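Enquirer: Use the sequences and the hints to build the structure in full.
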Amino acid sequence: MNRQSEIKCSYFLVLLISLLFLLPCANSVTGAEIPTAWDVASRKAELPTIEDLTAGKVKKGDVIDKTNVDLVKQYLSAGVLEAVNQGMKMIMGSQMPPDSGIPETSIEATERNKGKAVMDENGTVYYEKIGTPWPGGIPFPEPKSGLEVMANKKFGSGVDDYFIFSSIIFVNQQGKSYKKVMAELQYLFCSTRTELPPFGTYPGYEDIMYKRTSILVSPLEVKGFGQYSVRYYDDSKNYDTGFAYFPAYKRTLRISATTWQDNVAGSDLTYGDGNGFQEPYSVWSFNLLGTQYILMAEPKAPFPLADDNGICKGVILDVGEKYPRIGWAITPIHVVEAIPKVSHIYGKRILYIVSAPYFNPDIQVVIADNYDRQMKLWKVYLSFNGDYNEREHYYMQYGCLMNDLQTGHMTQYWSKMHLNKGLKPGDISLKELTAKGR
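Under the UniProt record's numbering, the sequence shown has 408 at position 408, and the numbering climbs by one with no breaks.
The hints are simulated quantities; they were obtained by calculation from the structure and are not laboratory data. Here the structure is a predicted model, which means the values were calculated and not measured. Glycine included, C-beta positions come from ideal geometry on N, C-alpha and C. Some hints here could point you the wrong way.
[As the list claims (entries may be wrong)] Calculated pairs, DSS-like style, for lysine-lysine (alpha carbon to alpha carbon, straight line, at most 25 Å): (1) LYS250 - LYS223; (2) LYS223 - LYS436; (3) LYS73 - LYS60; (4) LYS57 - LYS73; (5) LYS237 - LYS223; (6) LYS179 - LYS89; (7) LYS144 - LYS431; (8) LYS114 - LYS44; (9) LYS129 - LYS116; (10) LYS431 - LYS223; (11) LYS348 - LYS313; (12) LYS376 - LYS66; (13) LYS144 - LYS129; (14) LYS129 - LYS237; (15) LYS179 - LYS313.
[As the list claims (entries may be wrong)] Quick list of simulated restraints, FRET-style, between CB atoms: (16) GLN374 - GLU111: 27 to 37 Å; (17) LYS424 - SER236: 26 to 36 Å; (18) LYS73 - ARG325: 55 to 65 Å; (19) PRO425 - LYS73: 43 to 53 Å.
Expert: This is the structure we're talking about:
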């Protein structure tokens, strides 16, 4: 080899070595290596960060507002994007490890019953054959349809009962809170029980999914007003049974079938907006639009979020008292379009539902974009979680916003949830409702 060839060879080796140091190492995430949201949701790949997805343009701790929202626009729902444009600010946070938000007993039930779920055309889930109630756990860990995603929400809850003391706060267009309503709610799941005995189904209540009471405790003019309702296991055969109690007249009235569309104490929330979506499935059709990476509120805020009086002092709020400034995390989300089969105040709802590895007991719909009858974006529902007990989840701080994007009005819902207290069927009844309302 002549001298000139040696020089060229040495130059090539130096260049090659330099490139080896400059090129990404085998363990780094590049655009081509970023897994699909479905692969992460089905546990075939690890969850990328917002830094991975934006090629380093956005990092944990960065604040997103209307001046730089284009950096993360593709990971926002239409409603969240509009809320940011109206003044909401988002801190880039992080997701918890898979399964860390689910009670161990629910995880075990999911594994034990995997592949044994059967579902009828109305979305009612059974164990191995039609007619045998589902014993608990997530029925479809890798859902292939909108109805399977919604079945996971209804039949895969890791909660057997809960008591909620809540504050409903009204905020005007200028961001000023001007009214507060306090309420108590109780839920008892008679089916899909995995936390407390009796497990599976409560004997004698095989046809009931859950029983529920809600009662207003302040201010004085609404104190004592409440509702008692029963959601049946198969709501296509038996529509909800319910009664309302009016303390001023000491009377109870049977609730009509459209009560879920009524607002809660004059707020932006309807009774059907609870937990993002809690109307009977039989009057809706569901279409799975896909599984996507979406920014949702961190599943566990790193600071106290809610107390007996509402949102905790110290939480930074933007646009007056409207938007809490908290962390948001990339999560694989199933996006489901819900279309009503009956006359409804909503033309459609786009539901953002957490995939199974990142489930949280009872709170699976983390964002809901609600459209009016003219199919214009109307309200966005946002769910937040504060501190909670690890695994068992005997206590949780929870909040949600229902933001009317057309008028600028907002309703905030802040609560302390006490989970798995050991409620009995007799604790939730019309008799108990009227006793509390008097």
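Enquirer: Starting from the hint list further up, note which numbers the structure goes against and sort them upward.
Expert: 5, 7, 11, 16 and 18
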